[in-house]
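J.: Could you build the full structure based on these sequences and the hints that come with them?
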Amino acid sequence: MTTAEPRTAAAPAPKPPKSASAPEPRTPALATAPPAGPAATERLTSAEAKAGAKPSEAGPTEKTAEAGTAAGPAGPDPGRWPDVAAPVPRRGPRTAIAAAVVQRALKQLPLRVRFADGTELGKGGPVVDVHDPRAFHGRIGAQGLIGFGESYMAGEWDAPDLVAALTVLAAHATELVPAPLQRLRRLWAPRRPRAQRNTPAGSRDNISHHYDLSNDLFALFLDETLSYSSALFRSLPAQWDQLADAQRLKVDRLLDLAEVREGSHVLEIGTGWGELAIRAAARGAHVTSVTLSAEQRDLARTRIAEAGFADRVSVELSDYREARGTYDAVVSVEMAEAVGAEFWPVYFRTLDERLTPGGRVALQVITMPHDRMLASRATHTWIGKYIFPGGLLPSVEAVAETVRRHTGLTLARRDAYGPHYAETLRLWRERFAERADEVEALSFDETFRRMWTLYLAYSEAGFRAGYLDVQQYLLTKEAAAP
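Residue numbering for the sequence shown follows my numbering, starting at -9 and increasing by one per position.
Watch out, some of these pointers could steer you wrong.
[Stated by the list, open to error] Capping the alpha-carbon separation at 20 Å, the derived lysine to aspartate or glutamate pairs in EDC-like fashion look like this:
1) 97 <-> 148
2) 467 <-> 318
3) 467 <-> 246
4) 467 <-> 342
5) 467 <-> 436
6) 467 <-> 428
7) 113 <-> 148
8) 113 <-> 151
9) 97 <-> 110
10) 467 <-> 148
11) 467 <-> 391
12) 97 <-> 107
13) 97 <-> 165
14) 113 <-> 165
15) 467 <-> 306
[Unchecked claim] Quick list of simulated restraints, FRET-style, between CB atoms:
16) 235 <-> 315: 38 to 46 Å
17) 115 <-> 394: 36 to 44 Å
18) 301 <-> 346: 37 to 45 Å
If you are wondering where the hints come from, they were derived from the structure by calculation, not from laboratory data. Think of the CB as a built atom: it goes at the ideal place given N, C-alpha and C, for glycine as much as any other residue.
T.: In structure tokens form, the structure reads like this:
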């Protein structure tokens, strides 16, 4: 079976930023930002314009200064990155409190944090270089972890081994903020924007925000299967030339769990670029696949036709809530993360309603610890702002409870393989770095490239620290009475 290379045009020019009152996009996670191709005319806006973000506002007593010169010759483009390019609060109570909290945390961590004034903190370990301490603390004081990410995007801090440094932070995530401040989280942590709710209209915007960036961009760092989810390797550590086969192994295992075979009628929720649908059709199945990404739909249809399965696979631009009919199997890969906690009951009920009696559901889901999910579910995060608006990772407990309370399905099996995702992300990150010139040629600027690098490294670190995991689930439905 052959696969087609993406054939989209170069990434289009960004639209003008939306006004401050514009709604934020709806979606997990993690993307955004705004490339601009010289010959293109529409489709992409900047990350922050898509998110409806406003430029940061300094408090009335705060002194401000321009920041971000390390992110490019003239710093971040304020048209594309208003909050990254905006003046940074460098004085005032929030900045002072942030500096005290950050320095207290860093002193206890196995890191070596070097500040521009010569100060060093930490117990030794991966190096972090803070080039502009006042801007670094000012952003964190103003926006918490959003500010931490924006500071990296602006070039105010770096790490020679970014994943190693972030892995330390992920491993100590529950210790970074003192307990008294944790209890006051609602007062200082930015709230998740209501405009990112995953209503049918909101979900379209959220998904487009990430997956409609540019097929050409994704093709630069994904393997030939164009699979954008965790692979399943035969052994670790992995090599690039093993990735495509590991992605096929992952897909085949899901199809095996769902018992997809000749004559099966399969519903796929979340098409990606068509690899799962192609492999299901190769088994003789008939597949209906739904996606909210026009970019993915178009390329998936091309790849499916070139593989010779256009008569067995239908790819529809449709919300999962709009699916109709019943199927022998339902398969969904890393889709629950984009649904949002508010709509998890609807998503899992849809799986139940679309499944025939005796049918099977195979899912792949990224999970996070239950206590951290509960603590952060209402918080606006850097990932939510720039990468996957509207997304939220469920916990294993949340999945089990939602299935139990809102469906008639049985959770028959769950298998975890987080280390495989860490390796998948490493391979993507290294490939993205190797092809930086080609990314730039698509008109994705330096701030975008730093954002995307941080996203991949941040995610990899989460899996390496064990803070994140990935599960394959089998859900079954009782057969009809004879």
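J.: Against this structure, judge whether each hint is valid.
T.: Here is what the structure says about each hint:
1. As the CA atoms of residue 97 and residue 148 are separated by approximately 18 Å, the hinted pair is consistent with the 20 Å bound.
2. Annotation: proposed proximity of residue 467 to residue 318 holds, straight-line Cα distance about 10 Å (limit 20 Å).
3. At roughly 16 Å between alpha-carbon atoms, residue 467 and residue 246 fall within 20 Å of each other, so this suggested pair holds.
4. About 8 Å separates the Cα atoms of residue 467 and residue 342, which keeps this hinted pair within 20 Å; it holds.
5. Between residue 467 and residue 436 the CA atoms are separated by roughly 49 Å; this puts the pair beyond 20 Å, and the hint is violated.
6. As the CA atoms of residue 467 and residue 428 are separated by approximately 47 Å, the hinted pair breaks the 20 Å bound.
7. Only pairs whose Cα atoms come within 20 Å are accepted, and residue 113 paired with residue 148 is accepted, the gap being roughly 18 Å.
8. For the suggested pair residue 113 and residue 151, the alpha carbons sit about 17 Å apart, so the restraint of at most 20 Å is met.
9. A threshold of 20 Å between alpha carbons decides the hint, and for residue 97 with residue 110 the separation of about 9 Å falls inside it, so the pair holds.
10. For the hint linking residue 467 to residue 148, the alpha-carbon distance of about 50 Å lies beyond 20 Å, and the restraint is violated.
11. The straight-line distance between the Cα atoms of residue 467 and residue 391 is roughly 16 Å, inside the 20 Å bound, and the hint therefore holds.
12. With a C-alpha separation of about 16 Å, the suggested pairing of residue 97 with residue 107 holds against the 20 Å cut-off.
13. Pair hint residue 97 plus residue 165 holds up; C-alpha atoms about 12 Å apart against a cutoff of 20 Å.
14. Only pairs whose Cα atoms come within 20 Å are accepted, and residue 113 paired with residue 165 is accepted, the gap being roughly 15 Å.
15. With a C-alpha separation of about 25 Å, the suggested pair residue 467 and residue 306 falls outside the 20 Å cut-off, and the hint is violated.
16. The hinted range of 38 to 46 Å is not satisfied by residue 235 and residue 315, whose Cβ atoms lie roughly 33 Å apart.
17. Between residue 115 and residue 394 the beta carbons are some 42 Å apart, a value that agrees with the proposed interval 36 to 44 Å.
18. For the hinted restraint 37 to 45 Å between residue 301 and residue 346, the CB-CB distance of approximately 22 Å leaves it violated.
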